[in-house]
Structure formats: C-alpha cells, structure tokens
Amino acid sequence: MKATGVTPQPNAVFPEVEELRLLLIRLHRRPELWRSDPAALGLLEHCRIKYAPLARRFGQRPEDARRVAFELLRAFGTRWGNDPWGSLTRGMRIALMTAQFEDALLCGRNQASHLLTSRSLRDVARFGEHEHLQRHVENTLALNPANNDEAARHTEATAAFVAVEKIVGDAISVLAACGWPARVAEHAIGLIAARLIETGNRRRAHENLRHDRQTAHMLGLEHGSWCALLTAVLGTPDLKWEHTASGHGLLRRVAGGMPADEVLLDVRLVATLVAAAPEHDNPTPRSHEHAHGRKVAAHA
Numbered sequence: 352m353k354a355t356g357v358t359p360q361p362n363a364v365f366p367e368v369e370e371l372r373l374l375l376i377r378l379h380r381r382p383e384l385w386r387s388d389p390a391a392l393g394l395l396e397h398c399r400i401k402y403a404p405l406a407r408r409f410g411q412r413p414e415d416a417r418r419v420a421f422e423l424l425r426a427f428g429t430r431w432g433n434d435p436w437g438s439l440t441r442g443m444r445i446a447l448m449t450a451q452f453e454d455a456l457l458c459g460r461n462q463a464s465h466l467l468t469s470r471s472l473r474d475v476a477r478f479g480e481h482e483h484l485q486r487h488v489e490n491t492l493a494l495n496p497a498n499n500d501e502a503a504r505h506t507e508a509t510a511a512f513v514a515v516e517k518i519v520g521d522a523i524s525v526l527a528a529c530g531w532p533a534r535v536a537e538h539a540i541g542l543i544a545a546r547l548i549e550t551g552n553r554r555r556a557h558e559n560l561r562h563d564r565q566t567a568h569m570l571g572l573e574h575g576s577w578c579a580l581l582t583a584v585l586g587t588p589d590l591k592w593e594h595t596a597s598g599h600g601l602l603r604r605v606a607g608g609m610p611a612d613e614v615l616l617d618v619r620l621v622a623t624l625v626a627a628a629p630e631h632d633n634p635t636p637r638s639h640e641h642a643h644g645r646k647v648a649a650h651a
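Under my numbering, the first residue of the sequence shown carries the number 352, and numbering increases by one thereafter.
Incorrect hints may appear among the rest.
The calculated label-pair distances, taken between Cβ atoms and stated as ranges, are [said to hold, decoys possible]:
#1 Ile400 - Val618: 46 to 56 angstroms
#2 Ile400 - His574: 43 to 53 angstroms
#3 Ala533 - Gly410: 17 to 27 angstroms
Hints in this document: simulated from the structure, not taken from any laboratory.
No experiment lies behind these values; they were computed from the predicted model shown.
Backbone N, C-alpha and C fix where the C-beta goes; we use that ideal spot for every residue, glycine too.
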C-alpha cells in the first residue's frame, strides 16, 4: 500500500485507546478506506516510524514494519483487545522476529514460527488472543477443511485471527436475525468476546461483565437485557448446567462449528435474544449525553 497524498508528521498525536478502537472498527467495516483515509494513512506512517528501530533490530526495513502493522491493525485481537497499542507492539515484535528466522533459515513463516523459543510462542498466543477462546470451546475450534490450503499460507497467529473473525461474524449474524441493530450487535459481541479472552474463563467474563453497567449503558441496554444477553452469548454461569444446552452459549456453539442457521433453531435462545434486543429507534451504541437526553424526554 502507498501512502500517497498525505504526509503525516512524525510527532503527530495519535489516538487514545477508544479513539483507536473506533477508527479500526470503521476501517474494518470499510476496508477500502485504508487506501485513502487520512487517519488510516497517518496511522500506518506513524507505525512505520515508531517501529522502524524494532524492524532494524530484526534485520528488516521500516517498510516491513509498516506492512506488518497494516496486517496486525486489521486483526480482531488488536481491534477489541483491552490495550490495542500494547497488542500491536507485542505482535510487531513477534512478526518481525519470525521474519528474521524466515530470512536466516530460508524457510516459510509457519516453520519459522515453530522454531522460535517457547517464550516467543507464548507471546504469539497472547497477541493472537485466541488461546482462551479455544480452551472455552474445549479445543474444538478448527478452520473449515475447505479452507485448509488458504490457512496453510498464514502464520499460526494469522490463522487464529481468521477463525476468531469467523466466530464473531457468525455470532453477530445470529443477533441481527433476532432483531438486533447491526452496529449494536457488532459492538456487543466484540466486547463480550474480548472480555472472555482477557479473563480466560467464561464464568469470570460473565461475572465481570454483569457488573459493567457502563458498557450496558453505552449499548443502550437495560441491566436485565444486558444480563440476558451475557447468558445467551456465554452460557449460564451455573456449573451444574455446564454440559447442557443452557451452558453452551452462542459463542461456544459457533466456535464448535454450528452454523448460524442451526443456532437459530434453538427456540429458547432465540426468544431470549429477541426479548433482550434494544429498541429499534436506537440503532447505534449511544453516548452518555444521548442516553441522558432520551431519559429526560421520556419523563417530560
């Protein structure tokens, strides 16, 4: 990609965590903007300058740092992680180190990744932010066999990103089919999946999010609807129902390979999601000021 038409300043101030997240979400929805949007081009140039020393450390060029940053900035783990900048930095280190191994050993990226130290492999898993999600579905996560040839061309972390994007996309489509506005569904599933990854356990994620009234408010959901959504997506936190349909939340089902159409055959799950869906006159996640204005108007 060429950053034509825009010359960002090296010392420009770049987005804080939530601003960066919103930018990455916008670019995920409209990937063609990576070629023309000033903010996107400025972000890539900033990454080229910022990570140039790291690239040189591993025998790569600043342009290689820009290319790697472009790949990682599009990943689910960067977009929805608790610390996108931290995730990006860890990922840059691993990707550039892998490239150095690839160059030195004249082997492919998959082989180079496997030849890294065990510590580095743990870093890859952490950056990929998929290890806990795989454990959550009891290691049943796998790419469709039809995609094996394509997946073989990716590194372990990239293949994991592809799989996680598929899981999240399927879950969003289920919510949309149950009457959820697309953007609210995208934000809700993205935030729940990210918290699941961060906590490493669906029950801890459920408990953590259940008390997160700020996120529920941002999504325009009453607390009861928010809790119902959490149970539908993560499964009931009650251990005695762990291996029943109630314990198998939406994410676990789609991660295990269940098609969205089949998930929608579960009448109880669908009824829960339909009942929890926000009002249709509130199609996007709302700000605090917008929500307060609606509340005042309702009591006028």
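Status of the hints after comparison with the structure:
no.	hint	verdict
1	Ile400 - Val618: 46 to 56 angstroms	55 angstroms, holds
2	Ile400 - His574: 43 to 53 angstroms	45 angstroms, holds
3	Ala533 - Gly410: 17 to 27 angstroms	44 angstroms, violated
In the structure shown, a violation is registered for the earlier hint numbered 3 alone.
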